[in-house]
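So the number in the working numbering is just where the residue sits in the first sequence, counting from 1, plus 50.
Take these hints with a grain of salt, some might be off.
[Unchecked claim] Below, simulated DSS-like cross-link-like pairs (lysine-lysine); rule was C-alpha separation at most 25 Å, straight line:
1) Lys334 / Lys432
2) Lys242 / Lys208
3) Lys208 / Lys55
4) Lys416 / Lys334
5) Lys335 / Lys359
6) Lys335 / Lys416
7) Lys432 / Lys493
8) Lys498 / Lys427
For the record, the hints were derived by calculation from the structure and aren't laboratory data.
Bear in mind that the values here come from a model prediction, so they are computed numbers and not experimental data.
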Amino acid sequence: MNRLKPIIINELRPIFEKLGIDENHWHPLIQTSRESSQGDLTLPCFPLAKIVGKNPLEIANSIATEFPSVASIQQCNAVNGYVNFRASNVWMFEQLPSCTDSMLEKKQILIEHTSANPNGPFHVGRARNAILGDTLVRLHRLAGNEVTAEYYVDDMGKQVAVLAWALEHLTKEEVDSILADKEADSGQWEGKTDHQSVRWYQAAQSLRQSSERKDSIEEEITTLVHASEHGNSEVLRQFENAYQPVLDGMLETLQRLGIQFDRFTKESTFVINGDVATLIDTLKKSELHGEAENGALFLDLEPRGLTGKTEFFYCRGDGSSLYATRDIAYHLWKWAQSENLVNVLGEDHKLQAKQVGLTLQELNSKAPEIVFYSFIKLPEGKMSTRKGNVVFMDDLLEEAHGHAAQVVQELRPEYSHEEISTIAEAVGTSAVRFNIIKVSPEKGFTFKWEDALAFEAGSAPFVMYAHTRACSIKEKVESSKKPSTFEIEDFTNLPEGCEQLLRALMLFSDQLDTSVMENRPHIFANYLLQLATSYHAFYRDCHVLEGNEVNTTYYAISEFAKNALRKGLVGLGITPLESM
RNA sequence: GGGCGUGUAGCACAGCUGGAUAAUGCAUCGGCCUCCUAAGCCGAAGAUCGCGGGUUCGAAUCCUGCCACGCCCGCCA
């Protein structure tokens, strides 16, 4: 309804000039109505009462009385000190072709997300990052922004080192015997590289903890880590051979969720090309610079507002860099690639991100925008690969597919196996995505199968179904032979469901823009539920096909809604289906 | 101990730059397929918005104290 604002403001201007109230006072008061039954936009007059020394009810009344009659506004009335404006049906109908267009200025943006260590299969704990990140990518694209989706590959450091060490030193038999006391692998994912490699990683983790060899193993791993951090190309190649198959497996899983990346940037890049060394030299010259007894270097960020432990270490005593140091080098590089940066990070990275951001500012660069999210827990508690307390994304998606197939089978027994499988895949993956994306990221999230696989109202299939109904109408209209048509000429008295849908469509760009501006996809997800609900109401009240007659007005509205639904679904990474 | 976040019906969740009767879904109870796909629609019931103070014409929303839960406070990544 933001498109209605300029119209209203135009008409209000002379009225407020007469009242002697400055634009700065009344302009920002105009807001979307809380109660849509009252109107579309509302102007509360309470704050104005003080300025002119009048009763707010009086002010509201006089504004409403003086408000001229305009084609775009159906109604302007005063209630309890509020002035309510209601858009006219004709105006809304005219707006339909452009209702999905974002009103924001287009920008260039680099979104880094997921960036999970390639040391094992994707689990649902990591899924929130990937789904949140990918949805942001999609919504920014829907809003017309030029987006690069980027994955930062952690190709050095301890986790990869452990994996590389294990692959070099352990045979399959050794791995099997070390993991023998663990729950047996179902074997379902035997052919998938990430599931294979993770067994070596787990075996190594087990040895590091309890075997007699643990000290020597630790030493070997530490040697590898340090070699990688000094840019040792042979070790880095060994690492790559270890992690690449795992990463490929993870990406395969993500692909199934519709998640893809434009670019992969390796952490080691900035060690090898000297950026990290240059950065360390620069930081040494900072006025915040400090040095520990063993030669390790830090920045004291206290003067920049950090509290608690304010030393931020960027260089070890042996001269090697730390993860955060490389991250800063990476960010300096990213700023050269794009005007806007967004990172998606777990809440455990808050302090780290603060340190990186402050240091970037210290270097006359900027801190990126960051979307933080809380972790996904399981009902049994925190997810932990070591304890085997994980739900693998592959298992989840398989389960979702199976469950969806069962539902389709029951609901549409006439469909072929292939049709059922296609629908089940779309419904299953979409439901998983939607289940995670519809809640605000800072909210703690407990993963429950029953929620992920709930296909009723409030879920992805609910929205998909609205789209399907619209597709079905289109097909019926197109296949009916030379239907007679009629259109509605009087828009003043449309059925409730029709008005509701028009109103919902008018909110598309508002909601998309807010969602994109604030980087909060759940806003748009919830809006899409509202849009679907409204379409169902329209479907209930307005029949496009009545006998052999096509109501072209309704048909036009249905088509615009179908388009909006499709765009919205794609924006959330949900697969729009023609039939389901 | 310090920092950040969360606390809204039985469950889950929206609303948080202060505004009207706190929105939605699940679960519960009742109704709708001779009518474009019932994965839908209609209705009922269900909320001391964690607790206490404060600011205000007006507080779920802002301030403050307390309580509960989560995350962080590595020369790890």
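Now the hints, each set against the structure:
1. Lys334 / Lys432: It is violated: about 40 Å lies between the C-alpha atoms, which goes past 25 Å.
2. Lys242 / Lys208: Holds - the C-alpha atoms of Lys208 and Lys242 are around 23 Å apart, at most 25 Å.
3. Lys208 / Lys55: violated (56 Å)
4. Lys416 / Lys334: Holds, at about 19 Å.
5. Lys335 / Lys359: Roughly 21 Å between the alpha carbons, so the hint for Lys335 and Lys359 holds.
6. Lys335 / Lys416: holds (19 Å)
7. Lys432 / Lys493: At roughly 15 Å apart (the allowed maximum being 25 Å), Lys493 and Lys432 satisfy the hint.
8. Lys498 / Lys427: With a Cα-Cα distance of about 9 Å, the restraint between Lys498 and Lys427 holds, given a limit of 25 Å.
Checked against the numbered hints above, the structure violates hints 1, 3; every other hint is satisfied.
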